[in-house]
Structure formats: structure tokens, C-alpha cells
Amino acid sequence: MKVTIDDIEVEVEAGTSILNAARKIGGEVVPPAMCYYSKLPGTGGKCRTCLVEVAAGSTADPRPMPKLVASCSTPVMDGMIVKNKTSQRVHEGRSAVVEFLLINHPLDCPVCDQAGECNLQDLGYEHGSVKTRYEEERRTFDPIDIGDKIKLHMNRCILCYRCVEVANQLTEKRVHGVMHRGEHAEISTYIEHAIDNEFSGNMIDVCPVGALTDRTFRFKSRVWFLKPMEAECDCTKCAGKVVLWMFGKEIYRVTGRKDQYGEIETIDNKTAWICNECRYDKKDLAKWKVIGPRVIDRHSVISQGKYETSINSPIKKIN
Amino acid sequence: MPNMKRENNIAQTAAEFNGFSKETIAKFNEIKNHFPVGKEKSAIIRMLHLAQTEVGWLSTEAMDAVATFLNIQTIEVYEVATFYTMFHVNPVGKHVFEVCRTGPCMLVGSDQIIDYISEKLNIKVGETTADGEFTLKTVECLGACGYAPVLQCKYKFHENLTKDKVDELIEAYRSGIIEN
Amino acid sequence: MKNRKLLLENVHIPGIETYDVYRKNGGYRSVEKAIKSLTPDEVVEEVKKSGLRGRGGAGFPTGMKWSFLAKPEGIPRYLVCNADESEPGTFKDRYLMEKIPHLLVEGMITASYALGANTSYIYIRGEFMYILHILEKAIAEAYDNGFLGKNILGKGYDLDLFVVPGGGAYICGEETALLESLEGKRGNPRIKPPFPAVKGLWGAPTVVNNVETIAAVVPIVNDGGEAYAAIGIGKSTGTKLISACGNLVKPGVYEIDLGLSIEEFIYGDDYCQGIANNKRLKACVPGGSSVPILPHYLVTKTANGDDRLMSYESLAEGAFASGSMLGSGGFIVFDEDQCIVRNTWNFTRFYAHESCGQCSPCREGTGWMEKVLYRLETGNGNLRDIDLLAEINKKIEGNTICPLGDAAAWPVAAAIRHFRDEFEWHVSHKEEAIKRNYGLSKEPMLA
Ligand SMILES: Cc1cc2nc3c(=O)[nH]c(=O)nc-3n(C[C@H](O)[C@H](O)[C@H](O)COP(=O)(O)O)c2cc1C
Ligand code: SF4
Ligand code: SF4
Ligand code: SF4
Ligand code: FES
Ligand code: FES
Chain G
545 MKVTIDDIEV EVEAGTSILN AARKIGGEVV PPAMCYYSKL PGTGGKCRTC LVEVAAGSTA
605 DPRPMPKLVA SCSTPVMDGM IVKNKTSQRV HEGRSAVVEF LLINHPLDCP VCDQAGECNL
665 QDLGYEHGSV KTRYEEERRT FDPIDIGDKI KLHMNRCILC YRCVEVANQL TEKRVHGVMH
725 RGEHAEISTY IEHAIDNEFS GNMIDVCPVG ALTDRTFRFK SRVWFLKPME AECDCTKCAG
785 KVVLWMFGKE IYRVTGRKDQ YGEIETIDNK TAWICNECRY DKKDLAKWKV IGPRVIDRHS
845 VISQGKYETS INSPIKKIN
Chain E
156 MPNMKRENNI AQTAAEFNGF SKETIAKFNE IKNHFPVGKE KSAIIRMLHL AQTEVGWLST
216 EAMDAVATFL NIQTIEVYEV ATFYTMFHVN PVGKHVFEVC RTGPCMLVGS DQIIDYISEK
276 LNIKVGETTA DGEFTLKTVE CLGACGYAPV LQCKYKFHEN LTKDKVDELI EAYRSGIIEN
Chain Y
267 MKNRKLLLEN VHIPGIETYD VYRKNGGYRS VEKAIKSLTP DEVVEEVKKS GLRGRGGAGF
327 PTGMKWSFLA KPEGIPRYLV CNADESEPGT FKDRYLMEKI PHLLVEGMIT ASYALGANTS
387 YIYIRGEFMY ILHILEKAIA EAYDNGFLGK NILGKGYDLD LFVVPGGGAY ICGEETALLE
447 SLEGKRGNPR IKPPFPAVKG LWGAPTVVNN VETIAAVVPI VNDGGEAYAA IGIGKSTGTK
507 LISACGNLVK PGVYEIDLGL SIEEFIYGDD YCQGIANNKR LKACVPGGSS VPILPHYLVT
567 KTANGDDRLM SYESLAEGAF ASGSMLGSGG FIVFDEDQCI VRNTWNFTRF YAHESCGQCS
627 PCREGTGWME KVLYRLETGN GNLRDIDLLA EINKKIEGNT ICPLGDAAAW PVAAAIRHFR
687 DEFEWHVSHK EEAIKRNYGL SKEPMLA
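So the protein sequences, as listed, match chains G, E and Y. Okay, so the first sequence: first residue is 545 according to our numbering, each after it adds one. Okay, so the second sequence: first residue is 156 according to our numbering, each after it adds one. Okay, so the third sequence: first residue is 267 according to our numbering, each after it adds one.
Here chain G stands alone, though its shape is the one from the complex:
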């Protein structure tokens, strides 16, 4: 099927979403995605940051779609014409969405573990009006520990449901989920319940904001002071392919390897989720084989100039 996105044509298989068609083109035409996660079926459609304009539905029915559509969950049609960067409506719609995501969001960036690698921070920078007109009291939740390894800052959560899907799809027993509804909806274990499962730590990696953070790392340093190194180990539970976040010779944090969309990479045809042992318990450099510096393909306002980015180093091909 042929689709045109921002005047660039691309050929994709039937059933492909507009977002994935755009990712096939790459670069500027790719809409931002805060809730969709290609490696977690069933995600998407919720955050509305990926809205695009469909200027023509298909060759067979070239009428435009009246509303902006979520590109992550709208399949392409042959001859569809999509506008992303080139649409003023998209810009306005997306700015509205970003403003909504921010009105109850704390101004925590200076003390947030996610700062520097946060999709919301990036979006706020690109689309947010400098000053919101929200004058009401912000909704607040106390941060809580869910188990001894993960901290939940519900104030920062955008309810993308990704962590719920990680628990559904990677672990045997889900003990956290979304409680209540509307503005009171929250991620919770309902009763005090530790999240404790070999792959549960991946929730931290999929969280697009700083709502779920690694307690074994918390507040030790700001991300941009750390040097990301690609490393691997022989692990019986996972592929053992990780990024070590180092300060000098010390490992401050271990995460999975993320691609330019913030998603865990596919290595040898499998999503390289990492197990909790690799994430939390191997902070000793002797346990790892370090491969070299990790290229961080990010355009975050903070990351620029702090990391080796794809702009000043050869682009790392991700399969």
C-alpha cells in the first residue's frame, strides 16, 4: 500500500498503522508517541500526542477525515495522504494535548530521574506554550514504593498503560493496574503489594516519564552526568544486553537498550527486555563485558551536547 506522509511517499503492508508507516520514512515526519509501544501489543490510542491529519482517506475514498486521528492506532489505506509536520491543525491539536498532559504535572524536572530522557519534557519543549493558563490546584499523590525496587511518582504519570501491559505480557502475575477513573484514575497496587517478578523492572524502561523509577538508582545523580556504556553478560534469564550508566568506574544504573523511539531494541529478533537480576543486582563492573559507549539518539533539550548523539557520531543502525 502506498501512503503519503508530509509529501513523502512510502510503501507499506496492509494493516500497518500510520505511525509505523511514518517510522519507516523516519526523521521529522514521525509523530511523537507517548503511549504506543510497538513491542507491547494493545498499547496506543490513549495519550493523543500522535494525532495527525488525514487529508485523503484512500484512493477509493479520497475524502479527508473530519477529525485528527491517532496515528498509532489508525491503519493506513492505499492512497492515503497524511499530514503531520505540515499541518497547522496537527500542531494545534498536539499543543492542546501537551498542555493537558502538563496541567496537573508537577514541575519536578530538576529533581526527576527522567529529566534528560523524558518524552514529556521533549514534547513540552517542542509544543508546550511557555506558560499554561491553568490556575487551579494541581492534583497530587504521595510517591509510594511498590516493592523494594520501584518507586511510583503518580504525580508524573500520564496513564499510558504501558507498565500495565508489561505486567500483563512479561510477568506471570500482575499486581498493579489502573484504579478509579477520570481525573482520579491512578496506577496502584490497591492494597500494599510489592511488584516482584523477574521481568517487572521493564516497567521502568517503558515508562515514558519519571513515574516509575529504579529505587536502586534514585537521586544518586542526574542522568546527563552519567556516561552510558553498552555492555553484556551471560544471563540465564534474559539476553543480558544492557546499558550501564557509569560515573567513573561505578555503575549507577542498569537499563535495557532503547532505540530512537525510546523503545527497547530488538536483538536477534527478540525484544531485549532485561531481567531484574541484571537491572538491580549487577552493579559490579566485573560482572559485565563492556562493549563501548552507547549512542543516545535523543533530541531532548537537556541531552543535546551532553551525550554523544547521532548528530555528531555515525548513525547507529537499529534493526
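These are computed hints drawn from the structure, not numbers from a lab. Since the model is a prediction, treat every value here as computed from it, not as a measurement. The beta-carbon is built from N, C-alpha and C at its ideal position, and this holds for glycine as well. It is possible that some hints are incorrect.
Unchecked claim - Pulled from the structure, derived: some chain E residues nowhere near chain G, Cβ distances all over 12 Å:
no.: 1; residue: His189
no.: 2; residue: Gly193
no.: 3; residue: Glu209
no.: 4; residue: Trp212
no.: 5; residue: Ala236
no.: 6; residue: Tyr271
no.: 7; residue: Lys275
no.: 8; residue: Glu282
no.: 9; residue: Lys309
no.: 10; residue: Phe312
no.: 11; residue: Val321
no.: 12; residue: Glu323
no.: 13; residue: Ile325
no.: 14; residue: Ile332
Stated by the list, open to error - Computed list of lysine to aspartate or glutamate pairs in EDC-like fashion (alpha-carbon distance at most 16 Å, straight line):
no.: 15; chain 1: E; residue 1: Lys194; chain 2: Y; residue 2: Glu449
no.: 16; chain 1: Y; residue 1: Lys701; chain 2: E; residue 2: Asp266
no.: 17; chain 1: E; residue 1: Lys196; chain 2: Y; residue 2: Glu446
no.: 18; chain 1: Y; residue 1: Lys637; chain 2: G; residue 2: Glu727
no.: 19; chain 1: Y; residue 1: Lys637; chain 2: G; residue 2: Glu680
no.: 20; chain 1: Y; residue 1: Lys660; chain 2: G; residue 2: Glu636
no.: 21; chain 1: Y; residue 1: Lys637; chain 2: G; residue 2: Glu681
no.: 22; chain 1: E; residue 1: Lys182; chain 2: Y; residue 2: Glu402
no.: 23; chain 1: G; residue 1: Lys611; chain 2: Y; residue 2: Glu663
no.: 24; chain 1: G; residue 1: Lys717; chain 2: E; residue 2: Glu231
no.: 25; chain 1: G; residue 1: Lys717; chain 2: E; residue 2: Asp219
no.: 26; chain 1: Y; residue 1: Lys451; chain 2: E; residue 2: Glu231
no.: 27; chain 1: Y; residue 1: Lys567; chain 2: Y; residue 2: Glu529
Using the hints provided, position chains E and Y with the ligands relative to the given structure of chain G.
Only chains E and Y with the ligands this time, still in chain G's reference frame:
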């Protein structure tokens, strides 16, 4: 009447252990049969109604028992129970007055009725009387707007409320003339 | 022709809620006719001819909806009746189900036959638990008399019918949220496509129809689609249940011919008999809380001066500028002493309370509007707040997963459009606004 047969309905003893009566368990088993094999989770909302009717509110134990019964994870029950406003996931009084506060009711005086009940029972909206008899809640449109103001107490509708009617109602519930 | 009733004709017959009385008065004829002498497609054809439009709010042609149902081999199809009735101002389905439950059961059987469904469900809001029991009793009677179960009327058609309660959530009236709830989950609307006609209940093709829509299938099959289409006006065919509430002498549920004049409906002796307590009409929300409010001078007449009628077209005349919608038939009337700002705040609080919270514009936007409106209503607002509301409105509209976002935005936009002076007065007369209401808006009164 339902003609979908199913094996392995959980034995009564298993759930009795969790505190439900024989009647409730029989009802659980019956409702499960309204859905195709493998789709029994559909019974959850009605089971939660039954559980709440029996226990008075949805304690964690009651919800866990429902999870066991449906063979699903407890979190799935908590997610559902907290989504729907008819479920009390915190303890409530013996009689819960749920007074409609939405537009059509407001047009004919629901605000005044809510204030009056609150005054009369000496509790604020959301609170329970010290003797544990009454809880006052406000709810959204009960689908009875033509007979407003309206309140619901355990599935019973009380319509065209006036202050006098409220007095009578409170008395009737307190003295047990209206049963739950 | 006045007061013709297709659905509620027999409502006042004592014992009509029982099978025997219902049957004696011509009940279950449509099932006999359909199963014995019509093919399923012929039933669909009658419904198409009738011009029946969905009575749940959107007014989509029912026959067309039925013909969209996918029919893959070897996969069951479902008919689900939407008895969630939670739109403020709407209480017609409750009346029908409570008074004449067999009419819905009969409609479900005939419609299920037309769609080739062998299991059907009635999803009813949990607050109507007593009606669930009424329906279950009627269903049991229908089983006992061979209208449900295996081999209905000896013609080889099997159908099981069940009633499933909700747990208190307006959003479960939205058809995909309803299906989620029916599957035992949180009532989060689904992301479309796929639509229920292709992937609905448990992934199988499903039709969701309102109670009244399904009940209307009974007279359509009994008397033929053409007879039904002869009633009404233009594309608004047949009769419609209107639930009237607010400041009326005689609120209640009325069955009207579509096309009845609104003047007559509000003031006529056979209908609401005017505004209560000898007051004047201030405004009207004619189709449930989600539709735009009309100021008094646009209720009985359109902006062109034509009589406003109870029809999909006439109520929509003037579009957003001066029209509204027939919606679900929840007719809410405001007398001169009602405060539009307070009511707008009240409705917005409703939507904020009922938002499922899945998508950010609705989750955050409805709560934001509610807070701004509360400030205005309680004398703490300023003029910029009025523009801010209009702006938030625009940011929500069209950017959400389901129409609840729009349903929350439109009433606010319409209230500001028609009653801006009243909003401004709340800002300029803060003290007074808390003590008294603004009264009628300044536009000319029509007789
Ligand atoms: C927020 C929302 C609430 C709704 N509530 C109801 C309802 O309570 N009852 C109903 O029949 N339809 C309701 N609808 C409309 C349904 O989604 C659906 O269109 C309808 O059930 C289809 O039936 P019909 O074609 O017979 O009208 C609602 C829609 C939305 C978006
Ligand atoms: S989650 Fe992102 S936007 Fe929010 S405080 Fe953390 S870094 Fe800032
Ligand atoms: S905690 Fe993070 S991953 Fe989970 S829903 Fe919130 S934002 Fe998404
Ligand atoms: S518009 Fe509101 S109710 Fe509908 S899906 Fe989004 S959050 Fe839920
Ligand atoms: S990424 Fe598409 S809606 Fe969130
Ligand atoms: S508004 Fe109170 S019952 Fe509808």
C-alpha cells in the same frame, strides 16, 4: 432456562471459606452460566453486586474471593470495583442514601434535599452517622429525572422527595419498616 | 392522529407485565410472523423500509446498521441491547422496561432472528437492578412459552437471552465501553476501528441498539416498514419516546409522533401542560444533557421563525449557531429562575465525574472546565475565564477517543454562546450572583 452447561463450578465449600452464603454462591454459579465457556469474567459486575449486598461493602477479602471464584487475578477485581461508582470499596453505614445531584434534579431542588438530609443526619456528604446507620452520598443522574428529586438506597428508588418524605424515609429505615 | 401509540399503547392494561396479559393483547405476534413467514433478510428489509433511526442518541439508521454486520462463517454474532440509560434527562427506557418488559423481550427475539444471533444480552445500568429482575421474570416466561431457548416455534431457530447489570458508569452507554463492561472489565471505550459490527463482544460481530430502537422493531414487523414510515415527518419516521423533566407541570414519559410541535409538547394538555408554578420558560435542553441548550426564543421557533418540531431535522436546524439535537429524547426545561452558569457547571461536573480517564484531553480537560466554571458560579471568576472555557472546549473537541469529550464540550460552548451576558454578570456582580439568579436573558421574548 440457560442451556449452556459447564463443568467445574467451584465447590460451595471453597467460597464459603471466604465468607459467602450458600445462596450467594449458588447465584454466582448460575450467573457464570450466562456466558460462553472461557468468558466467565463477564459475571464479575453482577457478582460484585451480590458480594456487596451480602457483606455490606466490598472488602478486600470479598473481592479476593470473587477473584478466586472467577479464577482471575485480584488486581483485575480491584480495577473493576474502583471504576464503577455503585461499589463501596470503603465501609459504609447500614443504609446508604445516594442522592442524585445532576442538572434535572437540581432544577427542582436536589441541592436543598441534600442539605436537608445532611442537617437531619448531622453528617456531611460522604460521611456515616456515628451509630453506623446511615451514609450520605451524592451520585449522578439515576435515570429518574421526571420524578425528581430522587435518592436510591440499596437498589430502591425514592422519588419526588420533599423534606417531609425525607423525614419519613429516615424513620422508616431506622425502624426497619423498609428493609434492605 | 394525535396520541397514537406504537410502544406504549398497552402500558396501562393491568397485568401487562405478565406473559399471559401481554400475549392476550397481541404480544409476540412479531416473533411468530418473523420466524414463520419471513427470512432474516426480509426482517432487515422491513426495518430499512421503516426509516427507523437509532433511539440511543446518534440517530443512525437501524436497518443500515444491521446490514453492516459482518457474517463470517463459524463465528457467532451478538445482539446487545443498550439499556444503560444514563444521559441526564433521559428516563424513557426505564419506563418502557418497567411497565411493559415483554415488549423489549419480544423485540430482542425478533431482532436477534433478523441478525442471526443465537445469544443476546441486555446490558442494563446497575442502578436499575429492580428492572433487571422484572426483565428476568419476563424472559423466564418467554422460555416457558417456547419463545426462547431451542427450536423456537418449532422452526429450528435457537436463542438465549440474558440480562447483565452495570455498576454505575455513564460511559458504559457508549457502545464499545458497554462491550468492555459486558466482558467484565473497566468501561474504557475501545479505539476504533475496528467497529463492533466487525469486532464487538469477545471479538465477534455485534450490533448494539438502544431499548427503544429494539422495541420499535415489534410494530415495524407487525404492521410493515411502510406503515411505520408513514408516521412522522421527512426522515424522522415513527414515534419517539420523550422523557420530559425539569420545571414542567407534568413531567414524564410521552410517546409522540415525530414532527409534533414543541410548542404543543411543552404547553399542550395532552403533554407537559406548561411551565410549573406559572413561571416563564427560560431555556431548554431538548435531547439529553449532551446537546446544545436553546434559549427561550429558540425553543418553539427556529431562528427563521418556523415552528420548531420534535424531529431530528427541525431540532438541528440552525446547527450550532441556533439549533440543537433530538439526541436521546431527554427534554429538560428550565424556568426563569434557573441559573445557566450553575447548570453548566453542574453538567460539566457530571462529565468530569463520568470520564473514564483514558485519554488526556477528556481526563484533564473536563476537570479543568469544571474548576473554572465552579469559580465563576461561586463569584470567583473573571472575564478571561469565559474565553478560557471556550478555548479549553476547542482543545478537547475532536481530539478524544470517544464522543464523551465532545459531549462535555458542546454544552459549555452553547451555554456561553446563548447566555454570555449571564456569565459576564456572574463576574461583574459577584455578591449578587451568589444570592440570586440572573433571570431571563435579554433577547426578545416570543409569545
Ligand atoms: C458517552 C455516551 C453515552 C451514551 N449513552 C447511551 C445510553 O445510555 N443509551 C443508549 O442507548 N445509547 C447511548 N449512547 C449511544 C451508543 O453509543 C450507541 O450509539 C447506541 O446504543 C446505538 O443504538 P441505537 O442505534 O439504537 O441508538 C451513548 C454514547 C456516548 C458517546
Ligand atoms: S517526568 Fe519528565 S516532565 Fe515530568 S518532571 Fe520528570 S522530567 Fe520533568
Ligand atoms: S507509571 Fe509510567 S508506564 Fe505506567 S501508566 Fe504511568 S506513565 Fe505509563
Ligand atoms: S473521551 Fe473521555 S470517556 Fe471517552 S475514552 Fe477519552 S477519557 Fe474516556
Ligand atoms: S501514541 Fe498514539 S495515542 Fe498515544
Ligand atoms: S438528574 Fe437526577 S435522576 Fe436524572
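Here's how the hints hold up against the structure:
With a minimum CB-CB distance of about 25 Å to chain G, His189(E) clears the 12 Å threshold, and the non-interface call stands. Residue placement check: Gly193(E) keeps its beta carbon more than 12 Å from all beta carbons of chain G (closest about 17 Å). Separation of Glu209(E) from chain G is adequate, the least Cβ-Cβ distance of about 21 Å exceeding the 12 Å criterion. Its beta-carbon lying about 15 Å from the closest one in chain G, Trp212(E) satisfies the requirement of being farther than 12 Å from that chain.
With a minimum CB-CB distance of about 9 Å to chain G, Ala236(E) fails to clear the 12 Å threshold, and the non-interface call is violated. For Tyr271(E), the requirement that its beta carbon stay farther than 12 Å from each beta carbon of chain G is met, with the minimum near 28 Å. Interface exclusion of Lys275(E) from chain G stands, the closest Cβ pair being 29 Å apart, more than 12 Å. No Cβ of chain G comes within 12 Å of the Cβ of Glu282(E); the nearest lies about 19 Å off, and the non-interface call holds.
Taking the minimum C-beta to C-beta distance to chain G, about 23 Å, the non-interface status of Lys309(E) holds against the 12 Å cut. Against chain G, the non-interface label of Phe312(E) holds: every CB pair exceeds 12 Å, the least being about 24 Å. With a least CB separation of 29 Å from chain G, Val321(E) remains clear of the 12 Å interface cut-off, as annotated. The claim that Glu323(E) lies off the interface holds: its Cβ sits roughly 35 Å from the closest Cβ of chain G, which is beyond the 12 Å cut-off.
No beta-carbon of chain G is positioned within 12 Å of the beta-carbon of Ile325(E); the least distance is around 30 Å. Listed as outside the interface, Ile332(E) is consistent with that label: its C-beta sits roughly 36 Å from the nearest C-beta of chain G, beyond the 12 Å cut-off. Straight-line distance between C-alpha atoms of Lys194(E) and Glu449(Y) comes to about 7 Å, which keeps the hinted pair within the 16 Å bound. Distance hint between Lys701(Y) and Asp266(E) is fulfilled; the C-alpha atoms sit about 15 Å from each other, no more than 16 Å.
At most 16 Å may separate the alpha-carbon atoms for a hinted pair to count; Lys196(E) and Glu446(Y) meet this at roughly 11 Å. A C-alpha spacing of about 12 Å is found between Lys637(Y) and Glu727(G), which places the hinted pair at or below 16 Å, so the restraint holds. A C-alpha spacing of about 7 Å is found between Lys637(Y) and Glu680(G), which places the hinted pair at or below 16 Å, so the restraint holds. For the suggested pair Lys660(Y) and Glu636(G), the alpha carbons sit about 10 Å apart, so the restraint of at most 16 Å is met.
Restraint check for Lys637(Y) and Glu681(G): the C-alpha separation of about 9 Å stays at or below 16 Å, so the hint holds. For a cut-off of 16 Å, the pair hint linking Lys182(E) to Glu402(Y) stands: about 14 Å separates their Cα positions. At most 16 Å may separate the alpha-carbon atoms for a hinted pair to count; Lys611(G) and Glu663(Y) meet this at roughly 9 Å. A hinted pair counts as satisfied when its Cα atoms are at most 16 Å apart, and Lys717(G) with Glu231(E) qualifies at roughly 11 Å.
A C-alpha spacing of about 14 Å is found between Lys717(G) and Asp219(E), which places the hinted pair at or below 16 Å, so the restraint holds. Restraint check: the Cα-Cα separation between Lys451(Y) and Glu231(E) comes to about 8 Å, which is no more than 16 Å; the hinted pair holds. A C-alpha spacing of about 8 Å is found between Lys567(Y) and Glu529(Y), which places the hinted pair at or below 16 Å, so the restraint holds.
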